[in-house]
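Note that the sequence shown ends on residue 683 in the numbering used here; no numbers are left out.
Treat the hints with care, as some may be off.
Unchecked claim - Pairwise CB distance ranges (calculated): (1) Ser275 / Arg363: 58 to 66 Å; (2) Gly116 / Gly475: 53 to 61 Å; (3) Thr283 / Gly262: 39 to 47 Å; (4) Asp584 / Ala658: 22 to 30 Å; (5) Asp584 / Gly671: 19 to 27 Å; (6) Pro39 / Leu457: 27 to 35 Å; (7) Ile292 / Leu383: 22 to 30 Å; (8) Ala658 / Gly331: 25 to 33 Å; (9) Arg679 / Thr622: 31 to 39 Å; (10) Thr283 / Lys83: 17 to 25 Å; (11) Ile292 / Ala474: 55 to 63 Å.
Calculated directly from the structure, the hints in this document are not laboratory data. Here the structure is a predicted model, which is why all the values come from computation and not from measurement. Every residue gets a Cβ at the ideal spot worked out from N, C-alpha and C, and that includes glycine.
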Amino acid sequence: MTSTVRRPEVVSAEPVAGEDAGRVETRLARLVFGPSGQPRWARPGLLALLAVTAVLYLWDLTNSGWANEYYSAAAQAGSQSWKALLFGSFDAGNAITVDKPPAALWVMGLSGKLFGFSQWSVLLPQALMGVASVGLLAATVRRLSGPGAGLLAGAIAALTPVAVLIFRFDNPDALLVLLLVAAAYCTVRAIEATGGRVWSAPTGWLMVAGVAVGFGFLTKMMQAFLILPGLGLAFLIAANSPLRQRIWALLLACVAVVASAGWYIALVELWPADSRPFIGGSTDNSLWQLAIGYNGLGRILGGSGNMGPGGPGGDAPEGMSGFAGFSGSSGLTRLFNTQMGAEISWLLPAALIGLAAGLWLTRRAPRTDRTRAAFVLWGGWLLVTAVTFSYMGGIVHPYYTVALAPAIGALVALSVRELWSRTIHPAARLTLAVMAAGTGAWSFVLLNRTPDWLPWLRWTVLIGSILVALAVIAGTRGSRRYAVVLAMAGVLFGLGGASAWAVATAAQPHSGGNPLSGPSSSQSFGPGGMPGGPPDADDARPAPPGATTGSAPEGIPTAPSAEHGPTFTSGTNTELVTLLEQSDARWAGATLGSGSAAGLALNSGKSVMAIGGFTGGDDSPTLAQFQTYVSTGQVGYFIEGGMAMGGNADSSGSQIAAWVKSHFTATTVGGSTVYDLSRPVTA
1 MTSTVRRPEV
11 VSAEPVAGED
21 AGRVETRLAR
31 LVFGPSGQPR
41 WARPGLLALL
51 AVTAVLYLWD
61 LTNSGWANEY
71 YSAAAQAGSQ
81 SWKALLFGSF
91 DAGNAITVDK
101 PPAALWVMGL
111 SGKLFGFSQW
121 SVLLPQALMG
131 VASVGLLAAT
141 VRRLSGPGAG
151 LLAGAIAALT
161 PVAVLIFRFD
171 NPDALLVLLL
181 VAAAYCTVRA
191 IEATGGRVWS
201 APTGWLMVAG
211 VAVGFGFLTK
221 MMQAFLILPG
231 LGLAFLIAAN
241 SPLRQRIWAL
251 LLACVAVVAS
261 AGWYIALVEL
271 WPADSRPFIG
281 GSTDNSLWQL
291 AIGYNGLGRI
301 LGGSGNMGPG
311 GPGGDAPEGM
321 SGFAGFSGSS
331 GLTRLFNTQM
341 GAEISWLLPA
351 ALIGLAAGLW
361 LTRRAPRTDR
371 TRAAFVLWGG
381 WLLVTAVTFS
391 YMGGIVHPYY
401 TVALAPAIGA
411 LVALSVRELW
421 SRTIHPAARL
431 TLAVMAAGTG
441 AWSFVLLNRT
451 PDWLPWLRWT
461 VLIGSILVAL
471 AVIAGTRGSR
481 RYAVVLAMAG
491 VLFGLGGASA
501 WAVATAAQPH
511 SGGNPLSGPS
521 SSQSFGPGGM
531 PGGPPDADDA
541 RPAPPGATTG
551 SAPEGIPTAP
561 SAEHGPTFTS
571 GTNTELVTLL
581 EQSDARWAGA
591 TLGSGSAAGL
601 ALNSGKSVMA
611 IGGFTGGDDS
621 PTLAQFQTYV
631 STGQVGYFIE
641 GGMAMGGNAD
651 SSGSQIAAWV
661 KSHFTATTVG
671 GSTVYDLSRP
681 VTA
């Protein structure tokens, strides 16, 4: 009996290779074009938006040098000391913290530890957070209103001049915006999710939103809470769960806010005060008091060091609400004035019109309607934040308005989508036309405030916007190609003025505590301790009252003495920097206030104590503490010329300066008066 041995069946390799190639091609197509359920242009459009945003935010990133030296010096301290990183200390010796919570400094300090401390490592995280904010905003709007609206919202936010300014700068607002947009995204996911139990998907997403807001508090304190009414109301109205569960979810989200912010406040309050830095800006070495006082009610009502009525920081100049030199007098028109208008208001009128139109169009929609939920969420964000900024009686800087950029972008995109889908109705076309023409007219006004800069642009934007408005009123007559061209023209002329201003912002160096967007950086308050120089000849925006040569960190609005004026110790004094580099003391030097200390620390790489903190008005260190530091060899030199603008004759800074002058000999180093604290005057 013969047996037949079957040979294994040979499968041709060609079909397998073809199948593998097909799978690879499918994966590549999904990567490039996104899921099959969305338009093929959606994913490429998003990638293009992120690429352009990255170029705008990253190109020549270090043209501003150290930007705000106050925060850069603190980031340097964090890169040198884990303790300084934890507490947000201004100096690596841990004498005093900055007058803000430390979350933004955690990011910059860790970047310095990872990449080596430099101007680039300080500013890189800011730019990347800007790109992430734009992408997350586009994703948030897309979930409720489609990919087209998402791309438009992201583009508007990316090209808002104050956003370009802040995402290329080292102030805390970059991280704040990212966290707030993340909170909005999580709220939208909570609205979309289904579940009738307490621990369901809506509750989980809403609690994550609360965590984002809590860390926003650890970035810039109570400003993070301004978006809560909009987020909470949108969820309460539109979430796909029973009312009882919606209320429980909101309560648990509030617990998440408190827990994610409160752990750090508890840590600081429970940490022994004599083994941590003094909390800068507070009156009693308390982070909680800083949140409620200087950075809380003081910002809203004035006082508490905010140059408002009755505060220890002094009263505002006569006729001004708060310190009008920064942002103008309070009132509904503040966001449109010469100080703030060019930062944020380019599309603000269109956003307000769009919000009203969107709420009207969705007035009869079901409770869970996602479009109306989006208008409630972003409208609440915009209105609460805008009214707060408009009526703040304390210090308010124009760059704070970056927090409005996501809401403006989202509302314009949402309303344009809803109105465009209803252009069969004359009222919808008329509303779109008013938005287009109004944007062009307001852009003309803003550009006309700097009449010598690109004078042709304001006329081009105005005329183009009016033509677009007339074409919208006439209608598309069913032509898809005509509709696409018209839509592109509307975006081009609507964003033309803001985009040009944004590009000019990226091309300009900015420094100090009051940077402004646009083709000149005239109203910058930098490290020297006083208001910056007068505007350039072609800048119609007024300088603050009393402004003079020099600059100061955020929050210093006092004018110099009319008789003598201030004297500053420059961080570029190479002889003094060399002297500090040779010191091995805990603090190589000490000076009054942070204005001079920041530049000296950054250029020497050494820890420099800012006596009295930011403005020199904090009672830290006390005279007794400073004497102990000196007697134990922990302070190398005392440098005269710092600015104690928040202090007085009885402040610890004044006492320390008087004690040093009476016990040590003055020498001149590169034009600066310096006292060697290791060599007291002999009897």
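Going down the list of hints, with the structure as the test:
1. With their beta carbons about 59 Å apart, Ser275 and Arg363 fall inside the hinted range of 58 to 66 Å.
2. At roughly 60 Å, the beta-carbon separation of Gly116 and Gly475 lies within the given 53 to 61 Å, and the hint holds.
3. A hinted range of 39 to 47 Å is violated for the C-beta pair Thr283 and Gly262, which are about 21 Å apart.
4. One distance hint, 22 to 30 Å for the beta-carbon pair Asp584 and Ala658, holds here, with the actual separation near 27 Å.
5. The beta-carbon spacing between Asp584 and Gly671, approximately 25 Å, falls within the hinted interval of 19 to 27 Å.
6. Taking 27 to 35 Å as the suggested C-beta distance range, the pair Pro39 and Leu457 conforms, at roughly 33 Å.
7. Checked against the hint of 22 to 30 Å, the pair Ile292 and Leu383 passes, with Cβ atoms roughly 24 Å apart.
8. A hinted range of 25 to 33 Å for the beta carbons of Ala658 and Gly331 is inconsistent with their spacing of about 44 Å.
9. Remark: the range hint 31 to 39 Å for Arg679 to Thr622 is contradicted by a beta-carbon distance near 23 Å.
10. The hinted range of 17 to 25 Å is satisfied by Thr283 and Lys83, whose Cβ atoms lie roughly 23 Å apart.
11. At roughly 56 Å, the beta-carbon separation of Ile292 and Ala474 lies within the given 55 to 63 Å, and the hint holds.
The earlier numbered hints that this structure contradicts are 3, 8 and 9.
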